[in-house]
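Participant: This is what each chain is made of:
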Amino acid sequence: MSTATEPVRILPQSPANSGSDSGEGQLLEVSMGPQHPSTHGVFRMDVVLDGERVVRLKPVFGYLHRNHEKIAEHETYLGSMPYTDRLDYICSLTNNWAYALAVEKLAGIQVPERAEYIRIITAEMTRFLNHAALIGFLTQDMGASGTPLMYAFRERETILDLFESLTGARMMCNYMRFGGCRVDLPAGWLDQAKKFAATLPRFLEEFERLLATNEILMARTQGVGVLSKEFAVNAGVTGPVLRASGVNYDVRKVDKYGIYDRFAFKVPLGEHGDTYDRYMIRLLEMRESLKILNQALRDIPEGPIVDPKTKIRGFKPKPGEAYGRIEAPKGELGFYLISDGTANPYRYRVRSSCMMNLTVLEDLCIGHNVADVVVILGSIDIVMGEVDR
Amino acid sequence: MDENLKSELRKQGIVATTLQELYNWGRKNSLWPLNFGLACCAIEMIAASMARYDMARFGAEVFRPSPRQADLMIVAGTVTKKMAPQVVRLYNQMAEPKYVISMGACAISGGPFKQGYNVLKGIDRYIPVDVYIPGCPPRPEALIDALMALQKIIDKQSLTGADRPRHLQADAPSEFVVPEFGAHDLEPSQNPEVWQPPLVNISLGGTDDAGKH
Amino acid sequence: MTNVPYLPVVVLLLAAVAFAVGPLALAWVWAWKFSPRKPGPSKNAIYECGLESKGDAWVQFHPGYYLYAIIFLVFDVEAVFLLPFAVAFTGLPLGAGIAMLVFLLLLVEGLVWAWQKKVLVWS
Amino acid sequence: MTPENIKSEVEASIPGCQLEIVSNPSPSGQHSLRIDPAHAVAIATFLRDAEPLRLDYCSNVTGVDWPGKEISEKVKVKKLVDGVEQEVEEIRKTQTIGHLEVVYHLFSMEKKHGPVILRMRTEDRAERVHLPSLTPVWRSAEFQEREIFDLYGVIFDGHPDLRRILMWDGFEDHPMRRDYVEPDDFEYEPTAHDEVLERARQHRTVMGPL
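Residue numbers (the working numbering), protein chains in the order written: chain A, 11 to 399; chain B, 1102 to 1314; chain C, 67 to 189; chain D, 4 to 213.
Worth flagging that the hints you see were computed from the coordinates, not collected in a lab. Treat the hints with care, since some could be wrong.
[As the list claims (entries may be wrong)] Incomplete in silico selection of chain B near chain A, CB under 10 Å:
1) L1139
2) F1164
3) P1238
[Claimed, not checked] Quick list of the computed label-pair ranges, beta carbon to beta carbon:
4) D142(C) - T1119(B): 48 to 54 Å
5) E1242(B) - E185(D): 35 to 41 Å
6) A274(A) - E113(D): 23 to 29 Å
7) F1159(B) - E185(D): 36 to 42 Å
8) Q120(A) - K82(D): 53 to 59 Å
9) P139(D) - V174(C): 33 to 39 Å
10) E215(A) - E1242(B): 52 to 58 Å
11) G1283(B) - D197(D): 24 to 30 Å
The beta carbon of each residue, even a glycine, is placed where N, CA and C say it ideally should be.
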C-alpha cells in the first residue's frame, strides 16, 4: 500500500499543498476490523487517522451476510418466521411482529383483541430489554467495563424468564403467527409480569442516578457526533437516533398499527442530536414503554389468541405485494413481500433499521478522535444480524 | 501413586501431586477466551459471563481482545465465507496451547443458514475443534457445560509420551492454511488436513431407488 | 569476615537479578524440555483485527505530541532531582530548602508560560 | 394521495415523462407507479420538494429479478395436411426477455403520509442493466443501491461509491438472481433424499464406488 514516505494514496491530495504531507504528519490507515471489542459483532471500519483525529471512515460489513432473503425464497411463509428471530437477535419478538404484520397486510388477515394486547406487551418488554442492553454496551464502550452491563443484564434475565415461560425459548421466541399468536398466556404469567413491571421504576431510577449525571459520561458524549435534522431525514435514519435530533417521527404514532392509538404515551425528542441526547432518549423511551406496558397489562381482555378461520398450514396468499413496517427498538423495521400465489414468497425483503442508521456513521465521526468513534458507533446501536441479513 | 495413598496423605494435610497434574490444573482453571462474538450465540456467551450464569466461577471470565493473550477461541455464531479467512488467521495468531469451542449449530455445520451461498458449513473445515455445543443458541448453562468438558479434556492430557496434546508435539502443525477469496467460492473450500467429507453410504442411506418415487 | 560495608547491597542486587532471571530460565527450560516452539509466518504476522495489516505504522506524527512529551520530560526529571532532597530533608539547613524552592518555582514559571501560550490546549 | 393524482401532478410538472400505474391485487392496496429511467431523477426531486407531497424519506429500495418466462399460446395456423388446407392448432413457445426491477418506497416525515411506491425496470438481464441512481436525491438509497448492485447486478449511474457491500470484492456472480447456481459444497447427509441424494450420487462418481 503506501510506503512510509508519501501519504495514503486513496486520500485526494489536498489542493493547498499537493506535496508529500501537509506538515501535519502523515495519515495512518488502520482498520477497526471484524474482530474488535467495540464493534458489537463483526463490523469493520476502515479509518484513516491524522494523529488521533479521524479523516476518513469507510464502514465495511457483510461478514454476517447469512442469505436470509435467498433462503426465504424457497421457504414457506411460516417457515421464515423462525429466521426472523435471528435478524435482530436481541429483539426477536418485534421482528416476529413486523413479519406477521406484513403478511397480514398482504393477505388481509384480522387479528383478535387479546392477540393485539399480547403483541404490545411483548413488544414493549423487548423495547425495554433492548434499550437497557444498549445503555450497558454504550457505557462499556466508554470504559465502564461491565458494571452497568451487569445491571442491564440482570433485568434482561428476568424478562427472558418471562419470554421463556410464554414462548418456550429465551432469545428465539418464534411466537407470532399470521393472525395472532402461537400460544396463550400460561397461568400466572400476567401476575408475574405485573410484579416485574412494578420493580422497573426502581431499576430505572437506580440506572439513571448511577450514570446520567456522571461527569465522565457527560464529557465523553455531549457535543460528540452531532446529527442535524435534515441530514437525518434525508439519510433515512429512523428510531431513537432520529428522534434524538428532534424529528418527531414514531411509526407507532404515524401508522397507528396494532392498537397503539388506545394507549397514552409521549414520544421523547432531543434538541442537539449528539450522543448524550441519543443516550438520554433511550432512558426516556424506557419510561414511556413502561407506561404502555402497565396500561396493556391492566386491561388485557379475554378471548381467542388467533382467528380460528385463518389457515396456518398450507398458507397461500393471493398474488400481490405488501410493505408492512413497525417501530422496532432500533428504528423502522419493514418487510416487503411479493407473492405469486404459491406457498413461497416470490421476493422477501427486510428493510433493516440498523443498516440505514449506519449511513450517517462516517459523517458523524469525521473530525472526532478515535475513542469518540467507538462511542458514536455504540450510540447508533447496530446488531449485525439485521445489518447483513 | 495410587489413589488411596494420596487420600490418606491428604487427610494428614500433605498434598502429593505430579508435575503433570499441577500443569493441567493450572491450565484448565484459567482458560482466557478470545473476545470473538459473531452472531446470536455471542449474546448468550455474554449472558453466560454476566451475573446470573457467571463463567467467572470457572476461571473463564476474562475476555481478551487480542489473540496473543487468549488461549480459548469460542466460535460463537455463523461463520460466513467472508469471515472464514479472518477466523483462521486469528486461530493461527493465538499462542500455544490453544483450544476451540464451536458454539451453536451454525459454527458446527452451518445450522439453519446451511443453504446460504455465503455460509461456511461448519468451522471444523479449516481449524481443529475440541468441543462442540449444539443448540441455536445454546443456553448459557450449555456453554458452561462445554467449558467443563474442555477442562476434563485438559485434565487428561499427558506431558510426555505418544499421546501428548497437539501443542506439545513438535511436528503437529500450529498453523492452518488461510483460505483466499476466489471468484465464486473460497479457495480451498475446505482444509483436507483437518476435515475429510464423510462418505455417504448411499446403499445404507436409503436404497438406490429411494430417490425415484 | 571483615564487615564489608557494601556487602548487603551486593547480596540484594544479586537476589534481585536472580529473582528476575530465575523464572525466565525456568520457562526456557520448560519450553526446551516439554513444549517445542512453533513460530510460523501467519503466527508472527502483525495482528490487525483478523485482517492482513496493510500500510505502515512508522508514520510521522503530529508535532503536538512532541510538545506534550517534552513538557512531561521536564517535570519527570525535576522529580528525580527532588528524590535525594526528600531523602535527606530532615538534616538540611534552611538554605538548602530555599535553593530547592527556587528550582521548583523556575519550573512552575515555565509551565505557567506554556499554559498561557495555549501549548497545552489540544488543537 | 392516490397514485392517479400523483401521476397527473408529475406529468403536469415534468414534460415528457411517462408514468404508468401498476395495480396491486392484494388487499394491502399499495399501488405503484412505474417511471421511465430517463426522467427518474427529475421525478424523484419533484416528489421530494413539491409542496403537497414532500416525500423526503426514502424508506426502502428493493431489487426484484423477473427472469424471462416461456409463454406457450395456441395459434391457429393454416397448414397443408396431406394435400388438404386445414386450420391446425399449434402450441408456439415464445421466450419473453426478463428484466431487473428496482422498487422505491417513499414516505413523508413532514406530512406523515403513507407509502408512494416507484418502480423502475432495466431493458434486460444481461448487458443493458443500467439505471439512474437516486442517491443524490435521497442519501438513504446509498447502501441499498449498493446492495442491489451486489446481489442483482443493476449498475446505478451517478452513484457516489458503487462497490459490493455484502459479498467480498473479488466475488463475480450476482447471487440473489433466480438463476444463480451455488458452488457445489459437499454436505454430510446421513439419510440422503431427493436432490441431496442426487448430489451425493454425483459425488460418488467423483469419489469412486463405495
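Participant: Hint by hint, work out which the structure violates, then give me just those numbers in ascending order.
Facilitator: 9, 10
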